[in-house]
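J.: Spelled out from the first residue to the last, the chains are:
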Amino acid sequence: MYILSNRLKIFSLALIIIGSLGWFYSYSSSHLTLDQVKELLAEESHNGSHSDTAHAMENSNENHHNTDIHHEEMDEHSEDAHGHEDEHAEHVLHQIHNRPYAALYVAAFFFMMISLGTLAFYAIQYASQAGWSPVLFRVMEAITYYLLPGALIVLLIAYVGDKHIFIWMDPEVVAHDEIIQAKEGWLNKTSFLIRALIYIGGWSLYRYFSRKFSVAQDHAKDNKNFKRNFQISAGFLVFFMYTESMMSWDWIMSVDPHWFSTLFGWYVFASMAVSGITVIALITIYLKSKGLLEYVNDSHLHDLAKFMFGFSVFWAYLWFSQFMLIWYANIPEEVTYFVTRIEIYPIPFFTMFALNFLFPFFVLMNSDYKRVPIFIIMAGVVILVGHYMDVYMMIMPATVIDRYGFGIAEFSSILIFLGLFLLIVFYSLSKEELLAKRNPLIKESKNFHY
Amino acid sequence: MESTKTFHALYNDDDVLLSAVKVIKEKHYDIEEIYTPFPVHGLDKVMGLEPTRLAIAAFIYGCIGITVATLMMNYIMIVDWPQNIGGKPSFSYLENMPAFVPIMFELTVFHAAHLMVITFYLRSRMWPLKEAENPDPRTTDDHFLIEIITDKPVAPLKKLLKDSGAVEINEIKNKVN
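Residue numbers (my numbering), protein chains in the order written: chain A, 1 to 450; chain B, 1 to 177.
These are calculated hints, taken from the structure and not from any lab test. There's no promise every hint is true.
Derived DSS-like pairs (lysine-lysine); straight-line CA-CA distance at most 30 Å [said to hold, decoys possible]:
#1 152/B - 162/B
#2 443/A - 45/B
#3 130/B - 162/B
#4 22/B - 443/A
Pulled a few chain A residues facing chain B out of the computed Cβ check, cut under 10 Å [to be verified]:
#5 320
#6 323
#7 366
#8 367
Remember, it's a predicted structure, so these values are computed and weren't measured experimentally. In this text, a Cβ means the ideal position worked out from N, Cα and C, and glycines have one as well.
Please put together the full structure from these sequences, using the hints given.
T.: Structure follows, in structure tokens:
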């Protein structure tokens with residue numbers, strides 16, 4: 001039985017408080033006026049930092065206008081240099097305003113996605129009746145406890161962030177944008193909210209009942225609870241594949257409402273699954289080091305590490321498939337997505353690929369290394385950093401464009417959600433025994449050996 | 001050596017076989033070879049065999065494969081005749097790399113897989129028209145056979161094998177090779 005220590009409580013509360021203070025600081029300091037932005041820009045062009053290329057990129061990539069109107073404006077502005085400067089300053093102003101919202105959204109989504117990935121993995125374990133994993137069920141259930149609050153917070157930020165994250169929520173932009181107008185049947189705030197509530201409701205219902213049956217099975221005299229869990233897990237997986245796909249269109253892809261990709265849902269899912277499994281492995285190693293998971297042996301770790309390895313490669317496969325198909329065909333309406341990312345974010349873009357694919361690929365390839373906690377922790381931390389950057393690369397180039405960085409806003413957002421995540425997950429761990437006692441597969445799992 | 005003798009002990013159950021191997025190892029008899037009709041889990045462990053290094057070989061072959069692919073396409077597409085094909089940038093390898101990745105991947109897998117299989121055949125001495133080295137045809141169906149070559153006294157070994165659950169013990173006259 002795990003007992004939530006006061007140290008952990010204080011530590012996570014401190015993270016939340018420090019994070020909130022940091023975020024509010026970055027929020028208040030992002031409220032520049034137009035004049036201040038102009039001063040800033042004048043200063044920057046003096047120093048010759050990122051003026052010309054960024055400026056040009058912004059013109060070619062911004063989503064705020066459809067192309068026809070944009071070209072007309074460009075012509076006007078070449079005659080009127082002063083007006084052009086004004087408009088540029090206004091865009092920069094928007095980007096600077098967007099940054100704290102986007103930073104918060106990235107962190108919130110990242111931790112929600114860990115939880116959702118774990119829930120999907122957990123359902124797969126039940127539906128496939130895996131014999132190795134029942135000793136880890138309580139760890140997985142605890143991680144998924146974060147899903148309901150986490151997903152509601154993501155939704156809340158999306159709603160409060162509004163046009164700072166999703167430009168299609170800005171009526172002024174939509175009024176001038178035929179492409180978004182044509183998508184309004186799907187992209188409007190009401191149906192966004194309804195869909196989000198359906199996704200979150202479905203996931204949470206499954207999580208609630210699955211946990212309930214799993215705990216009830218501990219004290220039951222027959223296997224009815226286990227069978228029910230098997231059935232709802234199979235059902236949930238069907239529901240999940242649909243809703244996860246749509247969630248990725250709604251919550252992530254729609255930050256670039258002019259862009260679309262068909263395998264995007266899978267791509268986000270791969271990211272989710274690998275982060276979820278990594279966190280399961282890390283928490284398992286932590287609890288094991290405290291001597292609380294008696295029956296977890298290095299074969300269980302080996303299996304988790306294999307899943308980390310496999311899903312990292314799967315993620316890389318989808319990332320590359322999406323990139324290569326768009327790069328190869330080079331259709332202007334699709335390719336802007338990667339032009340923005342490679343031209344403005346070259347270092348994070350390629351670093352992320354190295355962290356998410358090359359590093360785990362080489363560290364976790366060796367069968368012996370997969371049994372050694374320190375290698376799993378090393379690969380796990382790199383994978384988590386890499387997938388945070390992955391979410392960052394999906395949101396930031398659409399919201400703050402070239403005004404990005406990793407500063408107080410991003411760092412404190414991570415602290416807030418890390419604190420919340422630790423608090424909720426470890427609270428849930430302390431609620432029940434760490435061993436699912438009467439699970440029909442528990443004996444096999446205890447004696448699991450690879 | 002004159003006094004060297006070969007024994008074939010036959011078993012008809014893999015669990016009995018495993019425990020027999022343990023007993024024989026305990027008494028310090030050298031097991032020359034074991035013939036089984038199917039893989040017996042844990043047999044290599046009780047025999048104390050070294051783990052295989054095939055995976056390491058495969059990794060090296062994979063590295064060779066990706067090198068072959070890179071050098072080949074760099075020479076053909078970039079160095080030798082850098083044509084403009086459908087606007088793809090052929091100024092440097094890196095610029096056109098996404099187009100080469102499918103081939104790099106396939107050649108890596110191709111080399112890793114095929115060279116590893118060939119290594120396996122060579123190391124385990126398997127090829128067409130090779131004469132089968134089967135001491136007893138029943139070992140391909142439902143019997144397990146332990147071959148022991150020893151110069152120790154015969155009687156205790158025979159008793160040991162009998163006690164370990166052997167259904168049949170044959171002494172083989174040494175062939176003159």
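J.: With reference to the structure, classify each hint as holding or not holding.
T.: Checked hints:
{"no.": "1", "hint": "152/B - 162/B", "verdict": "holds (17 Å)"}
{"no.": "2", "hint": "443/A - 45/B", "verdict": "holds (24 Å)"}
{"no.": "3", "hint": "130/B - 162/B", "verdict": "violated (34 Å)"}
{"no.": "4", "hint": "22/B - 443/A", "verdict": "holds (27 Å)"}
{"no.": "5", "hint": "320", "verdict": "holds (7 Å)"}
{"no.": "6", "hint": "323", "verdict": "holds (7 Å)"}
{"no.": "7", "hint": "366", "verdict": "holds (9 Å)"}
{"no.": "8", "hint": "367", "verdict": "holds (7 Å)"}
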